[in-house]
Amino acid sequence: MVPPFFWVAIGFLMALIVMVTPRRALGALSCFGGVFLGVSAGVLLSQPASTWAVAWVPALGVELSLAVEGLRQVFASLILGIGGLIVVFATGYLGADVRCRKLIALLLAFMASMVGLVLSTDPLGLFLFWELTSFFSYLLIGFEDEDPVARRAARQAFVITGAGGLVLLVGLLMGGASASPAAAICVLIGAMTKSALWPFHFWLPGAMAAPTPISAYLHSATMVKGGVFLLFVQDFSKIEFLHPYLIASAAVTGLIALRMSLFECDLKKLLAASTLGALAMLALLATIPGAGPLAFAAVLVAHALYKGALFMIAGGIDHATGTRNVRELSGLRKAMPMTATAAALAGVAMMGLPPTLAFWAKETALGLARPAIFAVLELIAVGAVVVAVRVAFFPFWGRDCVREAHENPPTLWLGPAVLAGLGLLGPLLLMGPPLRPFLSSLATQSSQIAYWHGFNALFFVSLGTIAVGIGLAFWAQKRPEARAPAFSAADWTESLLTRIPSWGSQLSKLVSGGKLRNELGLFFAVAAGLMLFGLISGGGFLLGFRTLPPTFEEIVIVALAALAAGVALVQGSRIAVIALLGISGSAIALIYLAYGAPDLAITQFLIEMLTVILFVLGFARLPRFRSLSGGSTRVRDALIALAFGGMMSLLLLGVLSSETSGTLSDYFLQNAVPEAYGRNVVNTIIVDFRALDTLGEIVVIAMAALGVSALLLRRKSRSTP
Amino acid sequence: MTAVHPLMVSLLTAGMLLAFRKNRWAMRLLSLAGGLVHLGISIQLFREPSGMLQLGSWPAPFGISFLADRFATMMVLVASIIGLAVLITSWIDVESREEKLGFHPMVHVLMTGVCGAFLTHDLFNLFVWFEVMLMASFVLLGLGEKRVQVSGALRYFALNLVSSLFFLSAVGLLYGWLGTLQMSDIAIRLAQTEERGLLLGIGALLFLAFAIKAALFPVFAWLPVSYPMPSFGVSALFAGLLTKVGVVAMVRFYCLLPADSTLQSFIIFAGLATMVVGVLCAIGQSTIRRILSFHIVSQVGYMVLALGLFNGLGLTACLFYLIHHILVKANLFLVGGIVHRIQGSEKVQECGGLASAYPWLAFLFWIPALSLAGLPPLSGFWAKLLVIRTGLDQGNFSAVGVALAVGLLTLLSMIKIWNEVFWKPLPERTEPPPSRRTLAILAAPSVALGLLTILLGVFAQTGIEWSDQAAQELRPQVVLLEEPAE
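Chain order of the listed sequences is S and H. Quick note: the first sequence uses this note's numbering, first residue 1, plus one each step. Quick note: the second sequence uses this note's numbering, first residue 1, plus one each step.
Just so you know, these hints were derived from the structure itself, not from any lab. Some hints here could point you the wrong way.
Computed list of lysine-lysine pairs in BS3-like fashion (alpha-carbon distance at most 30 Å, straight line) [as the list claims (entries may be wrong)]: (1) H:K347 with S:K102; (2) S:K515 with H:K424; (3) H:K100 with H:K22; (4) S:K269 with S:K102; (5) S:K509 with H:K424; (6) H:K416 with S:K102; (7) H:K424 with S:K269; (8) H:K424 with S:K102; (9) S:K509 with H:K416; (10) S:K509 with H:K347; (11) H:K347 with H:K416; (12) S:K238 with S:K334; (13) H:K424 with H:K347; (14) S:K269 with H:K416; (15) S:K102 with S:K334; (16) S:K478 with S:K269.
When you get a sec, could you build the whole thing from the sequences and use the hints?
See the structure below:
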């Protein structure tokens with residue numbers, strides 16, 4: 001038995017190997033890799049059920065746990081198998097292109113993530129791989145990176161699936177779909193974005209900007225089915241309150257798919273349309289109680305087989321003729337017989353004709369459906385028939401093609417032929433001995449493995465569907481080009497994605513990059529506002545003056561300081577302003593003196609003198625003094641200043657009103673002499689009790705000096721180059 | 001190892017470097033050696049956090065306390081890694097003139113300030129380290145040639161000086177009120193006080209001082225004008241460390257306060273507003289460093305939000321986010337430096353074609369970019385997951401919604417850089433491509449930081465355990481219990 005993590009690991013390992021392979025060996029290696037993956041797919045399918053788990057982040061209850069069982073096993077095997085074919089196809093498709101290696105490495109990495117997604121049983125492990133598939137899908141859609149359309153489509157797909165992924169994360173964190181209605185809605189939204197169900201369908205047609213191998217693999221056979229797979233795994237058949245929404249969404253998606261299948265002419269867009277339909281069908285199937293994994297797996301596998309084949313055929317046609325416009329193509333069967341055969345086989349499957357696997361899958365699904373779902377399923381089936389006829393038959397039949405065409409090398413038609421053949425032989429394989437026991441284990445009461453249901457009503461309804469579809473296909477081929485719809489969700493999203501940056505740009509001009517003075521005003525205003533908010537929400541405080549009433553000389557000093565500051569405001573000359581501020585500062589020094597701190601007072605005096613001198617020296621180099629602010633600005637600034645000053649005073653009064661005990665200063669006063677051996681308490685604090693602060697401040701001064709010298713040296717070196 | 005060793009190493013290195021201002025290679029080697037020793041000491045300190053240290057053996061709370069707890073040592077270690085990365089980048093990135101004008105000593109002084117701010121347990125001493133940081137970073141900003149650089153530096157200096165003013169005023173008021181500066185002692189006294197008005201009034205001023213440093217909305221305007229100015233290495237250093245020092249101070253201070261629901265919801269609101277405004281502004285920018293600068297604002301918002309959520313895993317989320325963000329954001333600036341070196345421009349319109357020309361650079365970009373946007377399994381995913389989980393646990397759905405939406409917009413912004421700089425065809429090549437040696441030196445630190453981001457994602461359990469341990473030590477009641485006896 002192979003441990004389950006092996007199936008995830010091989011993809012990543014192979015991607016690494018591809019990245020270091022020399023370009024010459026790439027072709028041989030990818031053919032070998034393709035075969036290896038095909039064999040792996042078979043081996044995986046034959047494995048007994050097993051699980052594997054490792055604790056990842058127990059703190060958050062996250063583990064990596066993989067399980068090989070039932071639907072997971074079928075899906076993973078499908079991913080590996082088609083992956084192998086796609087790798088071979090991509091090698092042929094890109095040929096000598098230098099980007100071939102990058103494409104294959106990315107495809108393999110994506111494949112590994114996708115296998116991880118379907119095998120994961122832990123919600124966050126699932127989310128990990130979910131996001132990885134979104135990311136690789138982004139890189140792959142934008143593979144033609146010189147094309148702005150591809151870049152935009154890639155971005156759109158990533159943003160939509162990324163947003164859905166985040167919503168899904170919330171749903172998973174809330175305990176998954178079964179935990180609560182809110183969680184179920186979150187999971188549903190995540191699944192709908194990934195599986196391109198209306199209203200999130202619009203990114204999928206855009207994703208066709210990717211090279212064909214990518215569209216075939218990611219946006220048809222595998223990744224987009226991750227969403228509906230999640231619906232199935234999370235047991236949405238039991239979450240009945242969401243069924244109406246899901247059915248409505250599927251119905252609208254089906255209508256959109258039908259409309260696209262009639263109006264589009266690009267082979268890949270047509271196929272994308274029917275992919276939308278198939279996804280809607282799978283979503284419906286997930287809501288049917290008792291449908292069981294067998295019916296779901298059958299539809300999923302049948303669709304992957306014929307759709308993968310047809311995508312590769314479309315790529316082959318493009319490669320051979322240089323166009324994908326279905327109206328320009330006809331009669332290719334003579335030039336491309338192998339491709340035509342494969343196309344016919346896949347087309348028959350897509351129309352749901354016996355004896356293909358798709359026929360059986362469709363009949364089973366219809367047999368399970370209630371009337372409302374039945375109608376939607378028929379709608380989707382009509383769309384599928386239209387696309388099948390237009391893509392698999394019209395290009396190959398009819399009058400000879402006007403274009404030069406040649407058969408492609410086997411790498412390009414082998415893949416589709418294998419897939420189409422499997423679709424045809426599928427029923428035989430189902431009946432055969434190796435798979436039968438395994439499949440029986442998937443079956444439920446209501447979906448037994450019965451290949452032929454007989455000529456019942458269902459059969460005739462199916463015949464009618466096919467007839468209507470063929471008729472519509474002929475009509476669609478002749479009708480003139482459709483006008484672009486008035487409203488396109490893709491365009492709307494695109495314009496939103498371009499508008500967000502321009503809003504952001506305006507916002508950033510609003511909140512930063514204004515005048516420095518305005519910023520300063522804002523900072524002080526915010527400070528005053530926050531202090532007020534804090535005071536009020538804290539319930540204010542009681543003012544109680546513990547201090548003595550002010551003495552006469554204190555009043556004089558404070559009045560002097562305030563007067564000097566006030567006069568400075570209305571002065572028109574710099575010298576006068578500086579002198580007045582000097583007076584104001586000196587008054588503060590006088591306060592220190594009055595409170596018995598002569599050393600502080602001396603320091604303050606020195607600083608005031610130095611400041612005045614330095615300013616006066618600096619003024620010589622400054623332009624004339626001008627008043628730059630208007631009246632309203634001054635009023636605003638004055639209000640801000642008053643508010644800030646007022647709040648500071650208020651808080652200071654509050655501090656002075658409250659009792660403190662056992663403070664630091666008491667300790668310093670007591671210990672300065674006995675412990676620090678200094679009679680000047682301030683000095684003992686600076687050089688002993690809190691010496692580290694002083695060291696830091698010395699560093700600041702030194703850095704300032706270095707900075708000034710750097711500025712001066714810089715100017716010198718610029719003037720003498 | 002004790003809490004002062006990292007500072008001693010940085011300061012001694014800076015001092016010695018002043019003696020070698022003429023010899024470029026002597027400076028570089030000495031500087032690098034200093035960085036390596038610093039890293040070694042930080043690792044040792046992280047492995048065995050040495051706890052409280054009383055400087056000069058003056059008993060607490062009278063002397064200055066340093067506290068090397070799990071939180072501080074974790075931050076010092078990350079800072080040391082970023083410092084070393086930038087020193088290596090500077091060999092290419094910083095012009096020899098700037099080196100001679102004192103680039104190397106300035107970086108080490110900056111590291112002194114940063115580590116001092118992380119390790120100190122004294123509010124006034126914290127202010128001193130803020131000043132050291134401010135002065136060193138101002139000089140680093142002004143070293144460059146361009147005139148516009150000087151104007152950005154001036155704005156940086158002026159607005160940060162306002163923060164210093166608020167800080168000093170608040171410390172003064174607090175000291176006048178409580179009569180103490182040591183943080184644990186402040187916590188004890190605050191727990192006993194009944195005057196909530198005074199507490200919240202002064203607290204608001206102190207919070208604003210830290211908010212300016214951390215660049216919260218609406219007081220972040222100094223950041224986007226100054227960070228894109230100097231060389232990329234210096235930008236990376238600032239981007240990684242400076243705003244985060246503000247956040248660390250906020251965390252420390254918040255943990256000293258008695259629980260208060262008004263304060264808590266206010267901090268949550270500040271975080272949310274910062275996240276939204278920051279990310280919207282970021283998307284609107286058109287040069288790499290301006291985009292990244294606004295993302296700093298937005299990401300700091302996440303940390304503050306997590307701090308506001310606080311209970312349960314909230315504080316753990318905040319600390320884990322800090323570690324993750326420092327590694328990632330510095331790395332993105334370094335990658336931006338490589339882009340600039342190759343293309344000669346950092347305007348996204350003038351760049352292009354890097355994905356096919358330099359595939360390895362694509363890896364170097366995506367690791368931090370996806371981590372920033374929060375994609376699994378990278379570190380940013382776990383950081384965001386912790387925040388979202390806490391929000392859900394506390395029933396704060398608006399916080400969860402905003403956190404997710406901002407994550408998506410962050411992703412959109414990273415997509416913008418990728419689409420323009422890496423995918424779009426190159427407009428016209430003007431500069432000759434840099435030599436392999438140049439690119440190797442520039443890429444080496446980025447590779448190392450990218451590996452650390454991946455490791456922090458893969459071994460998220462360990463990172464979360466560390467953060468959780470640090471958070472448990474920080475919680476007020478624990479701080480009270482660990483109050484050292486005299």
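Here's how the hints hold up against the structure:
Distance check on the hinted pair: K347 (chain H) and K102 (chain S) sit about 27 Å apart at the alpha-carbon level, within 30 Å; holds. For the suggested pair K515 (chain S) and K424 (chain H), the alpha carbons sit about 36 Å apart, so the restraint of at most 30 Å is broken. As the CA atoms of K100 (chain H) and K22 (chain H) are separated by approximately 6 Å, the hinted pair is consistent with the 30 Å bound. The straight-line distance between the Cα atoms of K269 (chain S) and K102 (chain S) is roughly 25 Å, inside the 30 Å bound, and the hint therefore holds.
Only pairs whose Cα atoms come within 30 Å are accepted, and K509 (chain S) paired with K424 (chain H) is accepted, the gap being roughly 27 Å. For the hint pairing K416 (chain H) with K102 (chain S), the CA-to-CA distance comes to about 21 Å; that is within 30 Å, so the pair holds. For the suggested pair K424 (chain H) and K269 (chain S), the alpha carbons sit about 25 Å apart, so the restraint of at most 30 Å is met. With a C-alpha separation of about 17 Å, the suggested pair K424 (chain H) and K102 (chain S) falls inside the 30 Å cut-off, and the hint holds.
A threshold of 30 Å between alpha carbons decides the hint, and for K509 (chain S) with K416 (chain H) the separation of about 20 Å falls inside it, so the pair holds. Distance restraint check for K509 (chain S) and K347 (chain H): the Cα-Cα separation of roughly 18 Å lies within the 30 Å cut-off, and the hinted pair is therefore satisfied. The suggested pairing of K347 (chain H) with K416 (chain H) holds, with an alpha-carbon distance near 12 Å, which does not exceed 30 Å. The straight-line distance between the Cα atoms of K238 (chain S) and K334 (chain S) is roughly 52 Å, outside the 30 Å bound, and the hint therefore fails.
A distance of roughly 13 Å separates the Cα atoms of K424 (chain H) and K347 (chain H); the hinted pair therefore holds under the 30 Å criterion. As the CA atoms of K269 (chain S) and K416 (chain H) are separated by approximately 26 Å, the hinted pair is consistent with the 30 Å bound. The hinted pair formed by K102 (chain S) and K334 (chain S) fails the criterion: a straight-line CA distance of about 35 Å is larger than 30 Å. Between the alpha carbons of K478 (chain S) and K269 (chain S) the distance comes to roughly 18 Å, so the proposed pair stays at or under 30 Å and holds.
The earlier numbered hints that this structure contradicts are 2, 12, 15.
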